[in-house]
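Line by line, the protein sequences are chains A and B. The first sequence begins at 131 in the working numbering and counts up one residue at a time. The second sequence begins at 29 in the working numbering and counts up one residue at a time.
It should be emphasised that the hints constitute simulated quantities derived from the structure, not laboratory data. What you are looking at is a predicted structure, and each value in this text was computed from that prediction instead of being measured. Hints should not be assumed to be uniformly reliable.
As the list claims (entries may be wrong) - Straight-line alpha carbon distances no greater than 25 Å define the calculated DSS-like cross-link-like pairs of lysine-lysine that follow:
#1 Lys162/B to Lys152/B
#2 Lys514/B to Lys169/B
#3 Lys398/A to Lys113/B
#4 Lys458/B to Lys226/A
#5 Lys424/B to Lys372/B
#6 Lys458/B to Lys514/B
#7 Lys141/B to Lys397/A
#8 Lys113/B to Lys152/B
#9 Lys120/B to Lys398/A
#10 Lys31/B to Lys372/B
#11 Lys397/A to Lys120/B
#12 Lys231/A to Lys241/A
#13 Lys276/B to Lys252/B
#14 Lys423/B to Lys372/B
#15 Lys402/B to Lys361/B
#16 Lys141/B to Lys398/A
#17 Lys408/B to Lys276/B
#18 Lys442/A to Lys398/A
#19 Lys225/A to Lys286/A
#20 Lys458/B to Lys225/A
#21 Lys113/B to Lys397/A
#22 Lys511/B to Lys543/B
#23 Lys162/B to Lys141/B
#24 Lys286/A to Lys250/A
Said to hold, decoys possible - One-sided excerpt, in silico: chain B residues whose CB lies under 10 Å from chain A:
#25 Asp57
#26 Glu383
#27 Glu442
#28 Val443
#29 Tyr508
Cβ atoms here follow ideal geometry from the backbone N, Cα and C, with glycine treated the same way.
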Amino acid sequence: MPRKNRKREYPLKKRAMRSKTDKMAMPYPVPAPPSASSIGEQARIEESKYYSGVPIQKFEAERGFEFPYAYGDNRIVLMVRDPYWIFTYWEVSEKKLSEIKTHLGSETYNKCTWCLRVYKTDKWEFFDINLPAMANNWYINVPYPNSSYCVEIGVKTSDGRFIAAARSNIVTTPPDRMSDVIDEEWMIPDWERMYRLSGGFGLRSGSESLKELIEKRLKEESASGWISSISSPMKKPGKRPFWSWVEAELVIYGATEPTATVMIDGKKVPLRPDGTFTLRYALPDGQQNFPVVATRDDGAEKRRVDIEVERKTNK
Amino acid sequence: MAKGYLALALHAHLPFVRHPEYEDFLEEDWFYEALTETYLPLLRVFEGLVNDNVDFRITMTISPSLLSMFVDPLLQNRYLAHIDKLIELSYKEIDRTRHDSRFNHLAEMYNRKFVEMRALFEGKYQRNLALAFKKFQDMGKLEIITCAATHCYLPLQEIYRNVVRAQVKVAAVQYEKIFGRRPQGIWLPECGYQPGDDLILRDEGIRYFIIDTHGILHGTPRPKYGVFAPVYCRSGVAAFGRDMESSKAVWSAVEGYPGDNNYREFYRDIGFDLDYDYIRPYIHADGTRIPTGIKYFRVTGSVDLSRKEPYVRQRALDKAAEHAGNFMFNREKQIEHLYNYFEKEPIIISPYDAELLGHWWYEGPEWLDFMIRKVYHDQKTMQLTTPSEYLDQHKKNQVVMPSMSSWGWKGYSEVWLEGSNDWIYRHLHKMAERMIELANSFRSADGVLRRALNQAARELMLAESSDWAFIMKTGTCVPYAIKRFKDHTERFMKLYESIRSNNIDERFLSDIESKDNIFPDIDYSVYAS
Numbered sequence: 131m132p133r134k135n136r137k138r139e140y141p142l143k144k145r146a147m148r149s150k151t152d153k154m155a156m157p158y159p160v161p162a163p164p165s166a167s168s169i170g171e172q173a174r175i176e177e178s179k180y181y182s183g184v185p186i187q188k189f190e191a192e193r194g195f196e197f198p199y200a201y202g203d204n205r206i207v208l209m210v211r212d213p214y215w216i217f218t219y220w221e222v223s224e225k226k227l228s229e230i231k232t233h234l235g236s237e238t239y240n241k242c243t244w245c246l247r248v249y250k251t252d253k254w255e256f257f258d259i260n261l262p263a264m265a266n267n268w269y270i271n272v273p274y275p276n277s278s279y280c281v282e283i284g285v286k287t288s289d290g291r292f293i294a295a296a297r298s299n300i301v302t303t304p305p306d307r308m309s310d311v312i313d314e315e316w317m318i319p320d321w322e323r324m325y326r327l328s329g330g331f332g333l334r335s336g337s338e339s340l341k342e343l344i345e346k347r348l349k350e351e352s353a354s355g356w357i358s359s360i361s362s363p364m365k366k367p368g369k370r371p372f373w374s375w376v377e378a379e380l381v382i383y384g385a386t387e388p389t390a391t392v393m394i395d396g397k398k399v400p401l402r403p404d405g406t407f408t409l410r411y412a413l414p415d416g417q418q419n420f421p422v423v424a425t426r427d428d429g430a431e432k433r434r435v436d437i438e439v440e441r442k443t444n445k
Numbered sequence: 029m030a031k032g033y034l035a036l037a038l039h040a041h042l043p044f045v046r047h048p049e050y051e052d053f054l055e056e057d058w059f060y061e062a063l064t065e066t067y068l069p070l071l072r073v074f075e076g077l078v079n080d081n082v083d084f085r086i087t088m089t090i091s092p093s094l095l096s097m098f099v100d101p102l103l104q105n106r107y108l109a110h111i112d113k114l115i116e117l118s119y120k121e122i123d124r125t126r127h128d129s130r131f132n133h134l135a136e137m138y139n140r141k142f143v144e145m146r147a148l149f150e151g152k153y154q155r156n157l158a159l160a161f162k163k164f165q166d167m168g169k170l171e172i173i174t175c176a177a178t179h180c181y182l183p184l185q186e187i188y189r190n191v192v193r194a195q196v197k198v199a200a201v202q203y204e205k206i207f208g209r210r211p212q213g214i215w216l217p218e219c220g221y222q223p224g225d226d227l228i229l230r231d232e233g234i235r236y237f238i239i240d241t242h243g244i245l246h247g248t249p250r251p252k253y254g255v256f257a258p259v260y261c262r263s264g265v266a267a268f269g270r271d272m273e274s275s276k277a278v279w280s281a282v283e284g285y286p287g288d289n290n291y292r293e294f295y296r297d298i299g300f301d302l303d304y305d306y307i308r309p310y311i312h313a314d315g316t317r318i319p320t321g322i323k324y325f326r327v328t329g330s331v332d333l334s335r336k337e338p339y340v341r342q343r344a345l346d347k348a349a350e351h352a353g354n355f356m357f358n359r360e361k362q363i364e365h366l367y368n369y370f371e372k373e374p375i376i377i378s379p380y381d382a383e384l385l386g387h388w389w390y391e392g393p394e395w396l397d398f399m400i401r402k403v404y405h406d407q408k409t410m411q412l413t414t415p416s417e418y419l420d421q422h423k424k425n426q427v428v429m430p431s432m433s434s435w436g437w438k439g440y441s442e443v444w445l446e447g448s449n450d451w452i453y454r455h456l457h458k459m460a461e462r463m464i465e466l467a468n469s470f471r472s473a474d475g476v477l478r479r480a481l482n483q484a485a486r487e488l489m490l491a492e493s494s495d496w497a498f499i500m501k502t503g504t505c506v507p508y509a510i511k512r513f514k515d516h517t518e519r520f521m522k523l524y525e526s527i528r529s530n531n532i533d534e535r536f537l538s539d540i541e542s543k544d545n546i547f548p549d550i551d552y553s554v555y556a557s
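Next up, chain A with everything else stripped away, as it sits in the complex:
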């Protein structure tokens, strides 16, 4: 019974449809090395909006709410991810399940496999994906961009009969290239050139045309999996090289009558109610002089102390 909510646990092996896109099919999620592609860079910058410098935060569970594991529905929903992948989630109700069991008889049912039947809706050709137990969602690799698909969740008997429990909505994948439709009225001959121009001359010096860039984006070869690896560079896990830094500060502190005035280096220092004071300075290399002058509130008496400090850093 394919019902358990698997959330982020993915079956590592996914059977994709045999097609020319087969080499693109890969286990999910895709581990990929960091890359500085401009596409990834954009997400890195967007991410900085949400940067708070604290990678791991915990929140108290509010009243212990848990997401329901199913809503008691009998439905399957299909969504488009990109020209080559569609995503589906489903649940099969107890009622539907017992109908199917009754229809097949429990002996036949027990030998059944749950599967997804994926239709390309122009001619209703289909292929099946056998599901592991407990699955309740699936990414499906589809062969044709710019095409409409629909899926059914159901059981397949050992002799190959398919009994659907639910049918999804129909979705259309986007095209992955220029349209073949050329508006007569507007046509200009050099389409390739137009395409190149729109790719921007930033690419002109070099290497990639927009076409290649887009293809790369789609075909996952430039996949910069770094998105998931960058969080705060403060906490980069793993291979970070050893690092350290040292700085020095000077703390000058003292006390006097709470009503007195204290000047350090010509600048008035705020006193705490008990007459104590503390100041800290960044201390660069070289010699520094800190004259400290305390004056009584009536101005009748003054004390001066000079502190000379020298910092020498040897690396």
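Here the structure of chain A is known, so what remains is to put chain B in place on it, guided by the hints.
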């Protein structure tokens, strides 16, 4: 006569983060930092341009959730407290660094900036930045466009058209209330376009949207002018495509401006560097070190954070001016080339996240300022424009159905639909189904029931922010994104049950109304079929 047009578009958005139930809430800092580093500095740039009689055109999204935060008194007050603390810290820094010539002038720079931003916020703009931006729109310099109400990524809501409609409608209503006119354009969140969504835009009187390059290039039929002229969807709504060259110049780490070694380094901050006892009052209330906004180092190169070199302000400003000149020069070349090829004036659309300027790229607002001044004074090849101004002047355009696309990584929906976040859609769709069901069964409600229905609509919308899925994917502050998704789901489900069982807990309702107070005028019937 100019040979072409440049339309700069800044997309300003933050998710609605407001936690009256906590004294000090870390994620609210996203908003405060963006105020100090992006929104107020941008306004200062606009003020300067107007004072110097430099004519300009900029298109800017202010997302409805950000707009809600701009006008929220609690967040306004908290921002004042936040900037006051920063000003206090900057004075201490001036003292602390007075013998360190590398950093002392930087401490003074931050101090001046914070004091100035506070004065703009509290004095000049009376705490309300919505009205500050409106002023420039009313002058004809700025075109403010709207966005989906809570920045919902629309292509993944394909099965519920009412969700898309509600996101657009609620945004347009809020826009009209605050800006006194209907929005001309919309920024589809993450440039996520699904063919057919333009019909919903048309119904709200929205004339155009912005889409990524391949959304236009892969449209049907082929677009004659590529992304250098807008196209009309069948509905009559225009789509403007992003130009890749100008995009790359700013977004890319390799070739882009913000990665220059002279610019300020984002991640090295005194909140992490300085002695704990000293910095303690200026970091998170629970004692966790967080960035303060005072950063003394420059990008330097690809070296470890500990090896960064001190920031030199003048060098960074010189670079920003140089990059502004470079940007202008490249656009001129681009436009001349296209003009000769097309025999008509191209339009170049350059969209960026607003927060990129100032927050991520500290010198971004100065770059923008230099660039606009140069475009105004130093050249005649191009003219700044906004999409609606362009459409007023160029009514005839090709009819093309753009293709489904986004500006996210790989160009489609993968960022928001992958292993880390795909589990949310089961719940989002269920909530949508239930909201539609409620709206259809209670055609006219009043009193507590009406309040509960309206609040259910708010909770659903807040759960729909694309930010949560994005954060789950990128891995920054994931627990917060999950908490938010969970809170809104729980609140929605509880409201739904209580409405259905005719047993509304008014105390609970009042409590969440005061927390999730976005869109005070929302009308749940936008979800009715």
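Hints breached by this structure
Structure breaks hints 2 and 18.
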